[in-house]
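K.L.:
Residue-level listing of the chains:
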Amino acid sequence: AQKVTQAQTEISVVEKEDVTLDCVYETRDTTYYLFWYKQPPSGELVFLIRRNSFDEQNEISGRYSWNFQKSTSSFNFTITASQVVDSAVYFCALSEAGYTGANSKLTFGKGITLSVRP
Amino acid sequence: ETGVTQTPRHLVMGMTNKKSLKCEQHLGHNAMYWYKQSAKKPLELMFVYNFKEQTENNSVPSRFSPECPNSSHLFLHLHTLQPEDSALYLCASSQDPEGLGNQPQHFGDGTRLSIL
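For the protein sequence lines, the chains are A and B, in the order given.
Every letter in the first sequence is one number past the one before it in this note's numbering, and letter 14, counting from 1, is 14.
Every letter in the second sequence is one number past the one before it in this note's numbering, and letter 115, counting from 1, is 1115.
Take the hints with a grain of salt, since some may be wrong.
To be verified - Cut-off 25 angstroms, straight-line C-alpha distance, at most; resulting in silico cross-link-like pairs (DSS-like, lysine-lysine):
1) Lys1052/B / Lys1041/B
2) Lys1052/B / Lys1019/B
3) Lys38/A / Lys1036/B
4) Lys16/A / Lys105/A
5) Lys38/A / Lys16/A
6) Lys110/A / Lys1052/B
7) Lys105/A / Lys1040/B
8) Lys1052/B / Lys1022/B
9) Lys1041/B / Lys1022/B
10) Lys1052/B / Lys1036/B
11) Lys1040/B / Lys3/A
12) Lys110/A / Lys70/A
13) Lys3/A / Lys1041/B
14) Lys1018/B / Lys1052/B
15) Lys3/A / Lys70/A
16) Lys38/A / Lys3/A
17) Lys38/A / Lys70/A
18) Lys110/A / Lys1040/B
19) Lys110/A / Lys38/A
20) Lys110/A / Lys1041/B
21) Lys1022/B / Lys105/A
22) Lys105/A / Lys1036/B
23) Lys38/A / Lys105/A
24) Lys1022/B / Lys38/A
25) Lys1036/B / Lys1018/B
26) Lys38/A / Lys1041/B
27) Lys105/A / Lys1052/B
28) Lys3/A / Lys110/A
29) Lys1040/B / Lys38/A
30) Lys1022/B / Lys1036/B
31) Lys3/A / Lys1036/B
32) Lys105/A / Lys1041/B
33) Lys16/A / Lys70/A
If you're looking for bench data, these hints aren't it; they were derived computationally from the structure.
Next up, chain B with everything else stripped away, as it sits in the complex:
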């Protein structure tokens, strides 16, 4: 098993659909993250969870709804998305119990999302 696994790898959905992205980490880390990567833009942090508790919501629209049932799993529920939401969504994890930001994050391969 690779460290951080994301499914699906590719997703095409209409604006009225509801879908979910899944992330699983096998590294025993306490913190998990969702990032959005759009073309020609820096990675944008969306959400941070530390020990299953959300510690960061970077002004993300409510059509993105995260869920973290335990420290190993992270979901991103999608509904009523817009074409500008098409991007690569990356999940990451780190061992950073105190939130000091000094530990490297380990990333998954991402989900390539296309909104029709």
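The following block holds chain A by itself, in its conformation from the complex:
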């Protein structure tokens, strides 16, 4: 069964600090997809990134970067020069590739609450 572990529950940093959110996953499939979502206080989950299991290239998008390491089953998320608007709950999620006749399910971690103080 697939599983996502976000060991950190709450992180508090001061604005402009860098912060890394950890995500460790478990799956028996060779084809799978990893996601990060952000949930601000308004409640809506906002999609940030998708990575498939065959693409270990790290990605950078502005102040956000992601480090995918299959050897350690980790998909960590770093925010550089954090800002108050980054305060939210961040979820890592895993989807195993579906097969004919069935839908793949998205499994979420428990989320990490990030607070960025001015």
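Mind docking chain B on chain A? Use the hints.
P.N.:
Chain B in isolation, oriented as in the chain A frame:
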């Protein structure tokens, strides 16, 4: 119009009431989902619909009854709920006709449900 719209945003109901949650997506997606988000717990998938057909029922109690009249609308009918059903109920949609799970899901703002 935002991509996925949920109404109402907040709902307070007694255990004997019957109410419905509504979700509408304007993204042309084929798949729609209901999730339950309780405090300190991961999001729990409840139901999945693909092209109006239910493809997943994650052992959800029968007091929750989903309805998907078309690919753009999804309802969750509630009756005889329990206090532990108080949670944020999130609707999502994705363009995933083959059910491969490789497409991101787009979420609504959720309905905050409180059972008295």
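K.L.:
Work down the list of hints and note, for each, if the structure agrees.
P.N.:
Here's how the hints hold up against the structure:
1. Lys1052/B / Lys1041/B: This hinted pair is violated, its Cα atoms lying about 29 angstroms apart.
2. Lys1052/B / Lys1019/B: With a Cα-Cα distance of about 21 angstroms, the restraint between Lys1052/B and Lys1019/B holds, given a limit of 25 angstroms.
3. Lys38/A / Lys1036/B: 16 angstroms, holds
4. Lys16/A / Lys105/A: Violated, because 36 angstroms separates the two Cα atoms, which is more than 25 angstroms.
5. Lys38/A / Lys16/A: Answer holds: Lys38/A to Lys16/A is near 19 angstroms, not above 25 angstroms.
6. Lys110/A / Lys1052/B: Distance ~29 angstroms between Lys110/A and Lys1052/B Cα, so the pair is violated.
7. Lys105/A / Lys1040/B: Judged against 25 angstroms, a Cα distance of about 21 angstroms means the pair holds.
8. Lys1052/B / Lys1022/B: Holds - the C-alpha atoms of Lys1022/B and Lys1052/B are around 15 angstroms apart, at most 25 angstroms.
9. Lys1041/B / Lys1022/B: 23 angstroms, holds
10. Lys1052/B / Lys1036/B: It holds: about 20 angstroms lies between the C-alpha atoms, which stays within 25 angstroms.
11. Lys1040/B / Lys3/A: 16 angstroms, holds
12. Lys110/A / Lys70/A: 21 angstroms, holds
13. Lys3/A / Lys1041/B: 14 angstroms, holds
14. Lys1018/B / Lys1052/B: 23 angstroms, holds
15. Lys3/A / Lys70/A: 15 angstroms, holds
16. Lys38/A / Lys3/A: 19 angstroms, holds
17. Lys38/A / Lys70/A: Roughly 23 angstroms separates the two Cα atoms, so the pair holds.
18. Lys110/A / Lys1040/B: 7 angstroms, holds
19. Lys110/A / Lys38/A: 12 angstroms, holds
20. Lys110/A / Lys1041/B: 6 angstroms, holds
21. Lys1022/B / Lys105/A: 22 angstroms, holds
22. Lys105/A / Lys1036/B: 14 angstroms, holds
23. Lys38/A / Lys105/A: Answer holds: Lys38/A to Lys105/A is near 19 angstroms, not above 25 angstroms.
24. Lys1022/B / Lys38/A: Distance of about 23 angstroms is within 25 angstroms: holds.
25. Lys1036/B / Lys1018/B: With Cα atoms ~18 angstroms apart, Lys1036/B and Lys1018/B stay inside 25 angstroms; holds.
26. Lys38/A / Lys1041/B: The given pair, whose Cα atoms are some 16 angstroms apart, holds under the 25 angstroms limit.
27. Lys105/A / Lys1052/B: Within the cut-off at roughly 17 angstroms; holds.
28. Lys3/A / Lys110/A: OK: Lys3/A and Lys110/A at ~11 angstroms, within 25 angstroms.
29. Lys1040/B / Lys38/A: Holds, because 16 angstroms separates the two Cα atoms, which is no more than 25 angstroms.
30. Lys1022/B / Lys1036/B: Distance of about 14 angstroms is within 25 angstroms: holds.
31. Lys3/A / Lys1036/B: 17 angstroms, holds
32. Lys105/A / Lys1041/B: Between Lys105/A and Lys1041/B the Cα gap is close to 17 angstroms, so the pair holds against 25 angstroms.
33. Lys16/A / Lys70/A: 30 angstroms, violated
Checked against the numbered hints above, the structure breaks hints 1, 4, 6 and 33 and satisfies the rest.
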